Structures are given as structure tokens and as C-alpha cells.
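Engineer: All chains should be built: construct the whole structure from the sequences, respecting the hints.
Just so you know, the protein sequences line up as chains A and B, in that order. Each residue of the first sequence is one higher than the one before, counting from 0 in numbering that gives the first Met the number 0. Each residue of the second sequence is one higher than the one before, counting from 0 in numbering that gives the first Met the number 0.
It is worth saying that the hints were derived from the structure and are not from the lab. A quick note: this is a predicted structure, and the numbers were derived from the prediction, not measured. Keep in mind that a hint or two might mislead.
Stated by the list, open to error - In the DSBU-like style, the derived pairs of lysine-lysine whose C-alpha atoms are separated by at most 30 Å in a straight line are:
#, chain 1, residue 1, chain 2, residue 2
1, B, Lys273, A, Lys143
2, A, Lys196, A, Lys143
3, B, Lys116, B, Lys227
4, B, Lys227, A, Lys143
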Amino acid sequence: MDASMQAAANTSRVKKSPVLNATRRQNPAAYGFLTPWLLGMLFLTAGSMLFTLYLSFTNYDLLSRPHFAGVVNFTQLFSDPNFWTSIRVTFIYVVVSVPARLIASLLVATLLSKQVRGIGIYRALIYLPSLIGGSVGASIGWKKLFDQNGPIDSILQLFGIHGPVWLGNPSTAIIVLVLLSVWQFGSEMVIFLAGLKQIPGHLYEAATIDGASSFQRYMRVTLPMLSPIIFFNLLMGTIASFMVFTQVYVITDGGPMNSTLFYVLYLYQQGFQYFHMGYAAAMSIILLIIIALCSGFIFLTSKFWVNYDV
Amino acid sequence: MERSRRRFLAVTAIGLAATVSLAGCGSAAGNTTGGSGSGSGAKQENITLAWWTNPSRTKMTQQAVQLFEKKYPNIHVTMEYAPWSGYWTKLATEAAGNSLPDVMQMDASRLNEYVTKGRLMDLGQTAVDTSGESKSTVSLGDVNGKLYALPVAINAICYIYNPALLKQAGITYDTSKSYTWSQFANILIQIHQKLPNVYGATDDIWQGAPLAYWARTHGQSLYSTDGKSIGMSQQTLAAWFAYWLNLQQKGGVVPAQQNSAYTHSDLQSSPFLKQQVAFTYMFIGEGPQYQTGLGSTIQRVLYPEWSQSSKPYMLHPSMYWTISSQTKHPKAAANLVNFLENDPQVSKIFQNDRGITANVKNMKADAAALGGIVKVQDDFMSQIQQIASPVPLDPPNAGQLNSVLKTIGQEVTFNKLTPDQAAAQFIQQANQILAQGS
Numbered sequence: 000m001d002a003s004m005q006a007a008a009n010t011s012r013v014k015k016s017p018v019l020n021a022t023r024r025q026n027p028a029a030y031g032f033l034t035p036w037l038l039g040m041l042f043l044t045a046g047s048m049l050f051t052l053y054l055s056f057t058n059y060d061l062l063s064r065p066h067f068a069g070v071v072n073f074t075q076l077f078s079d080p081n082f083w084t085s086i087r088v089t090f091i092y093v094v095v096s097v098p099a100r101l102i103a104s105l106l107v108a109t110l111l112s113k114q115v116r117g118i119g120i121y122r123a124l125i126y127l128p129s130l131i132g133g134s135v136g137a138s139i140g141w142k143k144l145f146d147q148n149g150p151i152d153s154i155l156q157l158f159g160i161h162g163p164v165w166l167g168n169p170s171t172a173i174i175v176l177v178l179l180s181v182w183q184f185g186s187e188m189v190i191f192l193a194g195l196k197q198i199p200g201h202l203y204e205a206a207t208i209d210g211a212s213s214f215q216r217y218m219r220v221t222l223p224m225l226s227p228i229i230f231f232n233l234l235m236g237t238i239a240s241f242m243v244f245t246q247v248y249v250i251t252d253g254g255p256m257n258s259t260l261f262y263v264l265y266l267y268q269q270g271f272q273y274f275h276m277g278y279a280a281a282m283s284i285i286l287l288i289i290i291a292l293c294s295g296f297i298f299l300t301s302k303f304w305v306n307y308d309v
Numbered sequence: 000m001e002r003s004r005r006r007f008l009a010v011t012a013i014g015l016a017a018t019v020s021l022a023g024c025g026s027a028a029g030n031t032t033g034g035s036g037s038g039s040g041a042k043q044e045n046i047t048l049a050w051w052t053n054p055s056r057t058k059m060t061q062q063a064v065q066l067f068e069k070k071y072p073n074i075h076v077t078m079e080y081a082p083w084s085g086y087w088t089k090l091a092t093e094a095a096g097n098s099l100p101d102v103m104q105m106d107a108s109r110l111n112e113y114v115t116k117g118r119l120m121d122l123g124q125t126a127v128d129t130s131g132e133s134k135s136t137v138s139l140g141d142v143n144g145k146l147y148a149l150p151v152a153i154n155a156i157c158y159i160y161n162p163a164l165l166k167q168a169g170i171t172y173d174t175s176k177s178y179t180w181s182q183f184a185n186i187l188i189q190i191h192q193k194l195p196n197v198y199g200a201t202d203d204i205w206q207g208a209p210l211a212y213w214a215r216t217h218g219q220s221l222y223s224t225d226g227k228s229i230g231m232s233q234q235t236l237a238a239w240f241a242y243w244l245n246l247q248q249k250g251g252v253v254p255a256q257q258n259s260a261y262t263h264s265d266l267q268s269s270p271f272l273k274q275q276v277a278f279t280y281m282f283i284g285e286g287p288q289y290q291t292g293l294g295s296t297i298q299r300v301l302y303p304e305w306s307q308s309s310k311p312y313m314l315h316p317s318m319y320w321t322i323s324s325q326t327k328h329p330k331a332a333a334n335l336v337n338f339l340e341n342d343p344q345v346s347k348i349f350q351n352d353r354g355i356t357a358n359v360k361n362m363k364a365d366a367a368a369l370g371g372i373v374k375v376q377d378d379f380m381s382q383i384q385q386i387a388s389p390v391p392l393d394p395p396n397a398g399q400l401n402s403v404l405k406t407i408g409q410e411v412t413f414n415k416l417t418p419d420q421a422a423a424q425f426i427q428q429a430n431q432i433l434a435q436g437s
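Structural biologist: Here you go:
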């Protein structure tokens with residue numbers, strides 16, 4: 000008895016220690032291979048964020064050293080009419096473009112989830128705009144499309160409609176930008192497609208047996224089952240919309256009459272055109288807070304509409 | 000324990016080395032000019048030349064630098080160029096890292112800022128040779144009585160018109176006459192009356208240079224002498240807004256929506272090239288682009304009221320050469336500036352790409368040798384030089400006023416502000432910005 004217990008203890012010690020040793024040996028290797036990423040994280044991300052926080056309390060024009068200025072940047076911001084304009088414009092954009100894009104991507108994903116011949120090609124073609132949508136080239140093309148006497152105008156004129164000067168009119172310029180965002184629904188659509196495929200078929204069967212119409216099946220089965228994915232797309236879309244820049248910079252550059260002065264565009268103007276780096280840093284800190292608050296709000300509401308039990 | 004720690008350190012070191020070598024690859028790939036060789040005989044000097052560019056300017060400048068390196072085999076020039084907006088970001092970043100290029104192309108709207116921050120060298124203390132340029136031209140690079148920047152070329156605003164459209168409208172324009180502002184407005188309105196599909200001109204209500212000229216024809220100036228506020232009266236400014244609003248209402252200039260869909264720097268979108276307007280304003284240096292864009296000859300004319308005895312016409316420095324105050328090779332840098340500024344061969348390569356050549360001898364030689372549009376530009380410029388006076392340098396922060404003027408000008412064209420309200424608002428906002436600049 001004694002001997003066997005001893006033996007058992009011995010084997011367990013013998014068995015355990017190589018495993019422990021192996022993990023102990025592998026840990027440093029893992030950290031070693033993580034080093035480049037860790038350094039990047041520390042210096043490029045965390046470091047710059049802390050530096051931004053510091054800069055937001057300074058006057059810094061890049062040409063001379065930053066001077067500590069306290070909260071001047073923040074107090075100036077709150078009395079800057081352009082700051083409020085940019086907040087208003089950005090919120091309008093987020094509130095209009097995010098739902099529009101979600102609805103468009105969901106509808107198209109529903110259509111593309113049907114098994115039709117050549118569906119792969121359709122999916123690829125419809126996904127394409129989202130790959131190039133944020134690029135400078137696509138933005139220039141979009142601008143040309145809405146030019147005076149451009150393609151859109153010509154098509155409208157076929158129907159006897161005299162469209163406005165899309166990019167010259169303060170109330171229509173932002174529509175052009177929203178449409179560009181909607182046009183790039185591809186990445187959301189792909190995620191929705193995957194989600195649609197995940198919904199178990201027996202749920203639809205059961206619903207059909209219970210006499211649900213196809214519309215009812217969509218509303219009662221598809222949407223609730225998709226809600227975690229809708230939540231994900233809503234969150235990512237909202238964050239991305241707050242940070243929209245390239246398209247605005249290329250297509251309208253804030254005009255006419257500041258009607259498309261988006262937050263990040265104004266931040267860029269302050270930082271890299273007027274060289275008010277401290278001011279721009281303060282703006283980016285505020286943007287961080289705004290995005291965090293909005294994301295938090297979406298998370299809070301998710302309790303009421305996101306369905307996690309499958 | 001001891002062993003694993005050593006191993007941990009070793010692996011970390013490998014990781015670090017990998018990171019560093021990756022970073023190294025990046026910078027080696029980014030360095031377009033490569034090594035300069037280990038120097039043959041005399042000590043090799045490395046200097047950097049930076050300029051904002053367009054595709055043809057890049058080629059011209061590279062050619063000029065090749066000639067320079069042939070003449071001075073011991074100086075190697077690293078070239079650094081970017082388009083206008085990227086250039087200033089890059090330069091400011093380099094200034095922040097204390098690594099400004101030795102020789103920099105500089106603009107009047109930024110010069111004051113760089114001088115105030117102590118980033119530029121007083122050229123009077125270097126061997127830079129200014130004997131080839133007229134005194135009034137050289138004075139354009141003066142800041143607080145010291146020469147910090149040497150004008151490469153000079154420029155001025157003017158109007159151009161499309162002769163075919165004027166002929167169609169049956170209107171003759173006397174190119175030698177000094178029209179009054181209101182006579183000029185009548186011509187623009189007449190064009191629209193005769194040709195309903197054409198407007199007289201582009202709406203220049205938010206263009207800074209024409210506004211500065213307007214102030215001068217009213218015996219005032221855009222900025223106060225100390226540069227800390229707007230120099231013109233609210234009344235004169237309101238009259239400016241009212242002038243363009245009146246034209247807009249009568250078809251003398253394009254309607255509001257159309258005008259705000261176009262930016263002056265995006266030449267391709269200009270209504271002038273689409274033959275929707277007969278007149279537009281430009282800087283003389285832009286002539287060839289307008290002519291190519293239109294596909295036929297353009298006519299250059301002076302702004303209204305140019306013949307006033309106060310010489311309101313403005314001579315603008317088009318670009319400057321400047322030397323960094325931190326350069327380690329001031330002599331080599333001065334040699335490069337002299338070469339780019341005064342060498343006749345370089346001048347022939349550059350033509351009028353940077354504006355009308357500042358070196359008088361070279362300008363005349365180019366006009367004779369190259370003829371064509373270079374001669375037209377040069378002749379027009381020498382006509383302007385006789386009636387113009389140099390303008391004082393823009394105060395720091397002046398660059399920011401453009402967007403303020405644009406927004407407020409647009410609000411006038413869309414009838415959101417009356418000319419009086421617009422003038423009051425512009426002066427209030429501009430003064431705030433200018434006060435922060437000093």
C-alpha cells in the first residue's frame with residue numbers, strides 16, 4: 000500500500016513536472032514573439048494616446064515646443080461655433096447613414112441568401128464597392144457622378160427633373176456623402192449573410208407549420224436570430240461614421256457654408272492646416288469620449304433587443 | 000530559473016532585433032536617393048532640398064539639381080518633394096523633429112511664421128547673390144528689415160477673358176483702359192443680357208487676393224500695419240460683398256449653388272473652361288493651364304482701376320528659396336540657392352512654372368529664346384511691374400482667414416447674411432484669429 004502510493008505520487012510528480020516545465024519554457028518564447036506587437040502597442044498606440052492627452056493641455060504649433068496651457072483648448076473649443084457645427088453635422092450623418100446602411104445591407108443580404116444560379120458572382124459584385132469605397136479614387140468618381148451636368152443630372156433630366164447643384168447646395172451636399180456611405184454596405188452585408196446561414200432551418204419549419212406568413216417568419220424568426228449581428232454592425236458602423244474623413248476631404252472639403260464640416264475634417268484642419276496641434280489633440284480626446292459614450296449607450300440598450308439564446 | 004531568464008532575454012532580443020531590422024527596411028526603402036558614395040577626395044557635403052510640386056515641376060527641378068551636382072561634385076543634394084498640402088504637414092513635422100531640410104521652397108503665407116519661430120537663416124549673412132533681381136523684388140523677402148527669403152519668381156492677379164464669347168456678345172473690351180469697378184460690373188451684366196446661357200464672370204466674393212486689391216483701390220489695406228487686425232473699414236468690406244451680390248442678382252456672375260461647387264485651385268472644375276463665364280480671375284502663372292484647358296487663346300487684362308496714382312496693383316512673391324537656421328552646410332546651401340535662382344540654364348528649364356522668373360536678365364533671355372506663352376506672360380508682367388508696388392507680407396495666421404472668408408462669402412451668396420452683417424462678422428472673426436497669431 001505504502002509503496003504503491005509512493006509510486007503513484009512519484010509518477011504524478013514525474014508526469015506533472017515536464018508539463019509545467021514545458022509551459023514555463025514556452026511562456027518566454029511566446030512573450031519573445033509578442034515583443035514586436037507589445038512594443039507597437041506601447042509606443043505607437045498607448046504612447047501616442049498619452050502624448051495626445053498631454054498635448055491637449057498645451058499650445059503646440061509643431062514649429063516651437065509645446066507650452067503648457069491648462070484647459071484653455073477645451074474652454075476655447077466650447078465657445079468655437081465651428082466646433083458645434085461639426086458636432087451637429089457629424090451627428091446628423093451618423094443618425095442618418097448608419098441605419099440607412101444597416102437596412103440596405105440587411106435587405107441585400109436577405110436577397111443574396113437565396114440559392115440562385117451564379118449567386119457567388121452577384122455576391123462578389125455587390126461586395127466590391129465596400130472594398131474601394133473609402134478610397135480617394137472612389138471619392139473622386141463619386142464627386143464626378145454628382146457634378147453639374149454629370150451622369151446623375153443627365154439621368155434626372157431624362158425624366159424632366161432639374162436636380163439641384165448637388166455639391167453646391169448646402170442642403171444637398173451631405174446627401175451625396177450619406178449615399179456614398181450607403182453604397183459601401185458590402186462588409187456588413189457579408190456578416191449578415193453569414194448570420195442568415197446560421198439560423199437553424201427547423202425554426203422556419205416550425206413557424207410554417209404554425210401558419211406564419213413569410214413576412215411574419217422574417218420579423219419573428221430572422222430578425223431576432225440576427226439581432227447579435229445587427230448589434231455588432233450597428234456598433235462598428237457608428238464608430239466608423241464618427242471618424243469619416245477621406246470622402247469628405249475629397250468631395251466637399253467641408254463646404255458649402257460648412258454644411259459638411261465633419262468632426263474629423265475640422266480636427267484635421269486645426270491640426271494640419273492651421274497647426275493648432277494642442278487644439279486638435281483636445282478635439283480628439285473629446286471625440287474619444289463621445290464615441291465611448293455612444294458605444295456605451297448602444298451596449299445599454301442591447302439588453303432590450305439583442306437575443307443571445309439560440 | 001537562471002537559465003530560463005537568460006533564454007527569455009535572448010528571445011526578447013531576437014524579437015527586438017526583428018523589429019528594428021523591419022523598421023530599418025522601411026526607412027531604407029523610403030529613402031529614394033540612396034547613398035551618396037563615400038566621397039571622392041574632398042569632403043562630401045550632403046544637403047537636402049525640399050519643394051512643393053506638380054508632375055512637371057518635379058522633372059524640371061530634378062534636372063536642375065543634376066546640373067548643380069555636375070558643377071559642384073562635392074555636394075550631394077537629397078530631394079524631397081510633395082504636393083502643396085502634404086508639403087506643409089511634412090515640413091512642420093520635420094521642424095518638430097529638428098530636421099528641417101537645408102534649402103526649402105517657401106510661401107508668403109508661411110514665411111512670417113517660420114521667421115518668427117527662428118527656423119530660417121538671415122540670407123544677408125550668407126553668400127546668396129541678389130544682384131540679378133530688382134530691388135523691389137528682393138524686398139518681398141524682407142522680414143523685420145532682414146532678408147530671410149529670396150523670391151524665385153513674382154506673380155500678380157489679373158483677369159482673363161474668353162475672346163470668342165465676347166465677340167459673340169458683340170462687346171469690345173479695351174485692354175489698355177483702366178475701367179472703374181462699376182463700368183466693369185456693367186460689362187459683366189451686359190454679357191449675360193446678350194448671351195443668356197453665359198454669365199459675366201466667376202464670383203470672386205471669397206477670393207482673398209482680389210479682396211486685398213479692392214481694399215487698396217479704396218485707399219485702405221486688408222491688414223493693419225502691425226498685422227494684428229483687419230485694416231479695411233467695415234464699410235469698404237460691406238461694399239465688396241454688396242458689389243458681388245448685385246452682380247449675382249443681375250447675372251453678372253454665376254448663381255450661388257454653381258459657384259460653391261467650384262474651387263479656384265481645382266482648375267478643371269472652373270466654369271471658365273466650360274465656357275459658362277466670359278471672365279475669371281487668375282494668377283499670371285496659371286495662364287498656360289487655363290489656355291490648355293480652354294483649348295484656345297485667352298486674353299489677359301488688368302484689374303479695374305489699376306491706374307490710380309497710389310499704385311494699387313500688387314506684386315506677389317510667387318515662391319521663395321529659404322535656408323534652415325539649423326543647417327550644417329550653410330555654404331553649400333547658399334551655393335544651391337544661387338544656382339537655382341540665377342543660373343541661366345536652370346531658368347530655361349523652369350520657364351515660368353514657378354511664376355515669372357525674378358532674375359531680370361534670365362527673364363528677358365527666356366522670353367527671347369523660348370517665345371510663345373513665356374513671352375506673353377513676361378511682357379504682361381513687365382507691364383504690371385511698372386504700375387504695381389510690392390505688398391507687405393501676410394501676418395502669421397493669415398492662411399486661416401481664407402476659410403472664414405469663404406464661409407461668410409457663401410452665406411452672402413445664399414442670402415443668409417446681408418453685406419453689412421457679413422462685413423461685421425468677418426472683421427470680428429478675423430481679428431480674433433489675427434490676434435492669436437502674434
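Engineer: Hint by hint, note whether the structure agrees.
Structural biologist: We went through each hint and held it up to the structure:
Restraint check for Lys273/B and Lys143/A: satisfied, since their Cα atoms lie roughly 15 Å apart, inside the 30 Å limit. For the proposed pair Lys196/A and Lys143/A, the alpha carbon gap of about 38 Å is over 30 Å, so the pair is violated. Proposed proximity of Lys116/B and Lys227/B is supported: the alpha carbons are some 17 Å apart, at most 30 Å. As the CA atoms of Lys227/B and Lys143/A are separated by approximately 41 Å, the hinted pair breaks the 30 Å bound.
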